[in-house]
Amino acid sequence: MKLKKIASSEITPEHIYNDRRNFIKNLGLILGATALSAFTNKSFAALHILPSFAQAKEGEKEKLTSLKDITSYNNYYEFGSSKSDPYEYAEKLNIDPWSISIEGSVKKPLKIDFDELIKEMPLEERIYRLRCVEGWSMVIPWVGFPLHVLLKKVSLIGNAKYVEFVSLKRPNEMIGQKVDILDWPYTDGLRLDEAMHPLTILAVGLYGKVLPKQNGAPIRLVVPWKYGFKSIKAITKIRLVEKMPISSWMKANPKEYGFYSNVNPKVDHLRWTQTTERRVGESLLSPRLKTQMFNGYHEEVAHLYQGMDLNKNF
Amino acid sequence: MKINQIYIKRLIFTVSLWPVLSLSLAIFLNNLGANPIEFIERHFGKWSLIFLCLTLSMTPLRNITHMNQWILYRRMLGLFTFFYVTVHLLCYIGLDYHFAWIDIKDDIIKHRYVLVGFLGWLLLLPLAITSSDEMKRKLKSNWKRLHRLIYLIAILGVLHFTWLVKKDITEPLIYASIIFILFLLRLNIFKWKKFKKI
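Listed in order, the protein sequences are those of chains G and W.
Quick note: the first sequence uses the working numbering, first residue 309, plus one each step.
Quick note: the second sequence uses the working numbering, first residue -13, plus one each step.
To be clear, the hints were calculated from the coordinates, so they are not data collected in a lab.
Owing to the predicted nature of the structure, the values given are computational and were not obtained by experimental measurement.
Careful: at least some of the hints might be erroneous.
[To be verified] Using 27 Å as the maximum straight-line C-alpha spacing, the simulated DSS-like pairs for lysine-lysine come out as follows:
1. G:LYS376 x W:LYS91
2. W:LYS96 x G:LYS620
3. G:LYS620 x G:LYS598
4. G:LYS563 x W:LYS91
5. G:LYS427 x G:LYS365
6. G:LYS545 x W:LYS153
7. W:LYS(-12) x W:LYS96
8. G:LYS598 x W:LYS(-5)
9. G:LYS563 x W:LYS(-12)
10. G:LYS620 x W:LYS91
11. W:LYS91 x W:LYS152
12. G:LYS391 x W:LYS96
13. G:LYS391 x W:LYS153
14. W:LYS91 x G:LYS486
15. W:LYS153 x G:LYS620
16. G:LYS486 x W:LYS(-12)
[Unchecked claim] Here are some, though not all, of the chain G residues that point toward chain W, as calculated from beta-carbon distances under 10 Å:
17. SER392
18. GLU396
19. TYR397
20. SER409
21. ILE410
22. GLU411
23. VAL414
24. ILE420
25. ARG596
A virtual CB, placed ideally from N, CA and C, is assigned to each residue, including glycine.
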């Protein structure tokens, strides 16, 4: 955090001040959790504290995957290709200061500091299923805000048809980038209507606290009806473009990874079965679950793909 | 067989049970990570490949050291390979898929890495069945021909691993290189001296 006299980010916003009992409680929770074990210490880089947010309603809650599993079993190739690598190596990434720029087909291009951004955006908790293309899944309580709120802020120009997201290339801190497994920095994209969909969020928190680095801190995309790799982590740039962007995975293996990558039990993958999935954290003896169309968000998103051949547009 | 060779054999047998012991320990300590079934499958898959490499290294070791006794341990290591591949397969069928035969059939047909893995196990069956001295005698020269299948099985095993991983094939490549070297060492130019068949 840069300090020029008194940065506005240093001034306690009114709603936090008014909510100070809760704030202190939250702070206590964070400190307590940090002291509890080295594990939590590693999970939560307590650099940023989240402003208050609307919690998910009880009714929306499924059995959550444990914090330990969510933060120790990750695909984040920037830190290595093993699932335990991000937990091991993500700490090295410096995320303070962090800014995001929104550019391309917009009337008001924007470069905003992360601390400013989370104070401005309406944070809320969203409990989503996450389905990895490899056939495992989790249920994760994110804290974030709908992407459309941010996109409306910059006023889109008519020829904005797609949104491209760009992560970060910093091989000294992201040691997995020393190998050219993917074309760094990681990029991915959405069609504009997908990006504007109310289920699409930018997440900045997890389990009510600031997002751990191995989960994509400080800010990542979450698109719950698509395979996990579409939900790009550590975003630095959001570009509004006219043509369909080519994502890192499409570049690496166009036969296996399409632009849409919607969760779809009827469209099989060359390597892994997509009809069933293993829920992470379940006991050794529990069976695989049936994978749902659009990861169970069929009602909300099916209309986006009406009339499209999903076998071709995989 | 000499007394010391019997002891070495017993020692190798005991050490070969390490994968079972280390997994039991990991289960006991609740150390299997977020996806325990994947952990167990990978564990036995990895050890299957290691035992396959060990089995394949006995003949080159004989050729290099001019000591015939390596061949005495080859059969046991081969049977351990079969044992661990079978446990690996049983974990997949029972633990992972809960004996959902239709799903398993679809998985084998649709996914090439599953298919080659399954083929590898199928080809190991006749080798395990004909591993006894008696079968060896009965099959005569066909025995040797039959057991050359192990080269194909090794290739299938490495392919199985290579096709499983998403992008970073470093680990499968390590096994591929080891097996490639073990194949090379079988070429005639490396056989400096002829040995009696055992």
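Which hint numbers doesn't this structure obey? 1, 7, 8, 9, 14, 16, 18, 19, 20, 21, 22, 23 and 24
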